[in-house]
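Number of protein chains: 2
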Amino acid sequence: MTNKRIVVIGGTAAGPKAAARAKRLDQSAEVVLLQKAPELSMATCGYPYYVEGRFKEREKLLCTPTGVVRNVAFFAGAKGVEARVSTEVTEINPIAKTVTARNLATREEATFPYDKLILCTGSVPVAPAIPGRDLAGISGLNTLAEADALRAAAEEKAVKEAVVLGGGLIGVETAEALALAGIAVTLVERMPQILCSLDIEIAKLAEAHMRAKGVKLITDCSVAEFLGRDGRVCGVRLSDGREIAAGMAVMATGIAPNTALAKAAGLAIGETGGIAVDAHMRTSDPDIFAAGDCVEVVNRITGKKTLAPYGDLANLEGRVAADNAVLGPTTVFPGTIDSGICKVFDFAAGSTGLSEARARAAGYDVAVAVNASPDKPDFMGACLLVSKIVADAKTGRVLGFQCVGPGSVSRQVATAAAAITGGLTVDDMCMLDLPYAPPFSLAIDHVIASAHILQNKMRGLMKGVPATAVKAKLDAGESPFLLDVRAPDEYEQMRLGLGETLIPLGQLRRRLGELPEETNREIVVYCKISMRGYEAQRVLEAKGYRNVLVMEGGIMAWPFAREK
Amino acid sequence: MTNKRIVVIGGTAAGPKAAARAKRLDQSAEVVLLQKAPELSMATCGYPYYVEGRFKEREKLLCTPTGVVRNVAFFAGAKGVEARVSTEVTEINPIAKTVTARNLATREEATFPYDKLILCTGSVPVAPAIPGRDLAGISGLNTLAEADALRAAAEEKAVKEAVVLGGGLIGVETAEALALAGIAVTLVERMPQILCSLDIEIAKLAEAHMRAKGVKLITDCSVAEFLGRDGRVCGVRLSDGREIAAGMAVMATGIAPNTALAKAAGLAIGETGGIAVDAHMRTSDPDIFAAGDCVEVVNRITGKKTLAPYGDLANLEGRVAADNAVLGPTTVFPGTIDSGICKVFDFAAGSTGLSEARARAAGYDVAVAVNASPDKPDFMGACLLVSKIVADAKTGRVLGFQCVGPGSVSRQVATAAAAITGGLTVDDMCMLDLPYAPPFSLAIDHVIASAHILQNKMRGLMKGVPATAVKAKLDAGESPFLLDVRAPDEYEQMRLGLGETLIPLGQLRRRLGELPEETNREIVVYCKISMRGYEAQRVLEAKGYRNVLVMEGGIMAWPFAREK
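Sequences listed follow chains A and B, in order.
In this text, residue positions in the first sequence follow our numbering: the first is 1138, and each later residue adds one.
In this text, residue positions in the second sequence follow our numbering: the first is 1138, and each later residue adds one.
Excised from the complex, chain A in its bound form:
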């Protein structure tokens, strides 16, 4: 390890991590970091909060935890890395082992020889070819310059209405940011739901919260045309013909790996469109590594290649690429389980592993359960969370977990992510020994309760039906006997109003005469969160009813309109 020349292309997340790590591993190495943007180490995931105005100081997006701006001088002094900003790489020559780059300010070109090259070229936005796309006032939220422009527009209060295209993580965060900045936001998503890593009945709860916070949310629809006035966007026409006024539009329609340089250099590209790398983050050229949004990685659950453009993984991959570039093949990146989370006003929505839809698409025979229950005792300020746990019906292995609500979603999903990584089964998860005290959780923590419900279902103790399936039954003209087992005062405050019968659980054993006589009749039973619903099912089954289903998560997981 002496006087190795390491060139890193890309200075946002994976790149700076790889460069700094490489230098730490080999102080004698010459490490050069080439960055097209004028800034380095931008906290791109923080852009929505900057746009929102949660903080004013743009520099905070560029700082170390101790408040030092990560600029060229910082990289030179603190990291021993020669960083060049506003420097666009124009060519990689893998035979000569050189990189050619142009300074975007001076237009000067320079050539950098390398022993090892690490590509961290990130992603490019995917923007559908919508007429009017070039009007002023239409942008993405991919670059700091775009964040600056949106922040300025929000601050100037010049724009009253905005449209956000795309309901993925970035679209949702952007919609929230603009709404909190005082702009009336319409979010348009072409799929039937936002946040597609969530199953639809969970996503609908996040949608309902966004609507409650004033965002106009339109799913199953797309923008057909941007409408302009004097060269500036003034609205959109939707695919259903509706027109919506908007002085601003933000494209959050997705991203794709930025592989132009890699392709030009003849590197292998995977089927997903990302740069193909092995477990050491090595490309098809043994002296070139790649990390971050530009690569494809392995999904640890399915074993299939996938794109996982997350900031946290970019850092981990950059670290691995540096280890292997400097030390030889020493460190393995095991892949992703597709964990993600976003703040949605007072809610958070997070997921890890496979949703039911994705697990089925991957060929799994799945068992699932929905759990609506508080994250803490009422006396410590409980927040109601709604979760869904997905397991392999054959092996019991937990495949995925999703959670939405105002409470400790982040703790729940992180716990599940570690459990999935450890290969835990539903039975294992039922017995997790988690840190418990009333300020932090219930005695049976929400994520454990989710496993208990699923275990009960898998053992045949509980027979559940998701709210979406109940709604579908009713919409199809079926008439299950709907049994609400809450207390009368709860019924007065809130109810479905779909012809249900109210018998409080405490009275059920002596009011069985009010139930249908036919023991084959389908009975759908529920309460607020369906703990009492489950008790009721056990009672009714013991009385001979053979077709009793608990509506999972109860009224709190009912994502549709209610009578009250």
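Derived from the structure by calculation, the hints contain no laboratory data.
Don't take each hint at face value.
Which copy is meant is left open, because identical chains are indistinguishable; a pair holds if it fits in one copy or across any two.
Only pairs whose alpha carbons sit at most 30 Å apart, straight line, appear in this in silico DSBU-like list of lysine-lysine [what the hints assert, rightly or not]:
no., residue 1, residue 2
1, LYS1441, LYS1600
2, LYS1531, LYS1197
3, LYS1193, LYS1141
4, LYS1141, LYS1680
5, LYS1608, LYS1234
6, LYS1350, LYS1297
7, LYS1400, LYS1680
8, LYS1600, LYS1701
9, LYS1141, LYS1600
10, LYS1197, LYS1701
11, LYS1294, LYS1193
12, LYS1608, LYS1701
13, LYS1608, LYS1193
14, LYS1600, LYS1350
15, LYS1297, LYS1197
16, LYS1442, LYS1297
17, LYS1680, LYS1297
18, LYS1294, LYS1353
Take the given structure of chain A and dock chain B to it, following the hints.
Frame of chain A, contents of chain B only:
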């Protein structure tokens, strides 16, 4: 499964869970729950928050998540369980398979035959025989009656000063509760530290926070005598002779399994003093099960028997006991990893698995690392956490994790608990795919960063030394070269003041001349949190210094007095 008679003794946590679960599993069973206290299903872990006055309604300690009091009528109606309160079991006859109990109000005795018996007799306080123990104003915080009395005393403002004996979870929570209720609190702990599941350097950070919040904390000391006036406590005399005024004293000196009934019935008691049970929570009598604080369970890491009197485990064990009592041996309780957490004013202190001290005591060759780093980006309101991760040096398996600070301690410890349960190694934990977004974590989450530091240490990249060891070196007259690599303004705000030399990291490469000439000289380098300290170590080692140690966690993990 027909008309089985199941008797459960104990109605706090494990007992109600076991009774309700048993009935759900077999609606034809007659389930009787016998409870000595007048209440059922008390949230005992919530008592400190009730004493503090965080909520006024005592009933909240007894309610379901939907606000229904869990009383005899509730258990009858909603659960189908016959609960008897104020009913003390006086004898178990395992031959006749009967339980005899006395109604504490009417003094009437009744005999309950059982097919299966589940013992959930909980714990009894362990109170050292201190002179003056019988004075008025001295109590524990074990029963709801005691909580009521402390709450009343706090509310009446009659007592200005209180002493809490014992710095375990309950002692710390009680001290916090009384302090927040406006009482001047002295906490006396006979060991050198509070919260003995934490290693001392981590516990000292919690102690410093308690002191900053006004609690007078005395470690390495015990109460020798309670001082009285007119039959009421007026102070304590400590083992070192000091006297402290106190109108109230709370004993939080520990608990022991309540095994009197079990012993009298001839059941096997384990070496730890808890009722011996197998993995099905079955005692030495095949028709008697036990769960909760009264049993001993397996530590999943060491494989040894241990006491784990935690409310969350009591619930899990009660569920397992019911499964096996009703269905036969179907469900295994795998044991504990000793996870715990408590709120300490604005901090939380949590741990899971083994501390370094406990791991060494259990015979492990351990590798450890301390990590001081924020839980979120600065622009989202970062909180600085200090963690310690403990691994098996041979296998790399993570054995334990501790975390103290004002931020997301609960998430960090829960994640680590799931990781430890999954048998993850340090390398595995380095690659965790956790849900990341700026409102919830850093791109490299704190728990992952802890693993990175430990991996760096285990690979020999970083050579760390805990703050406690640096202090011990200095106290022993050694004179390592202390190198602070922060910026001058940071140094002006806060510094150790122990003769350290300040050279900012960014200037280190060109100011090497200011370092000792002898490359064998021990250099202890640090910054605020020792990320820069680590960089500096790498620089110095490359320059030939062979004895450079990073003070782990930097100044933020220095639990002793500073110059400023």
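Hints violated by the structure (numbers, ascending)
1, 2, 3, 5, 7, 13, 14, 16, 17
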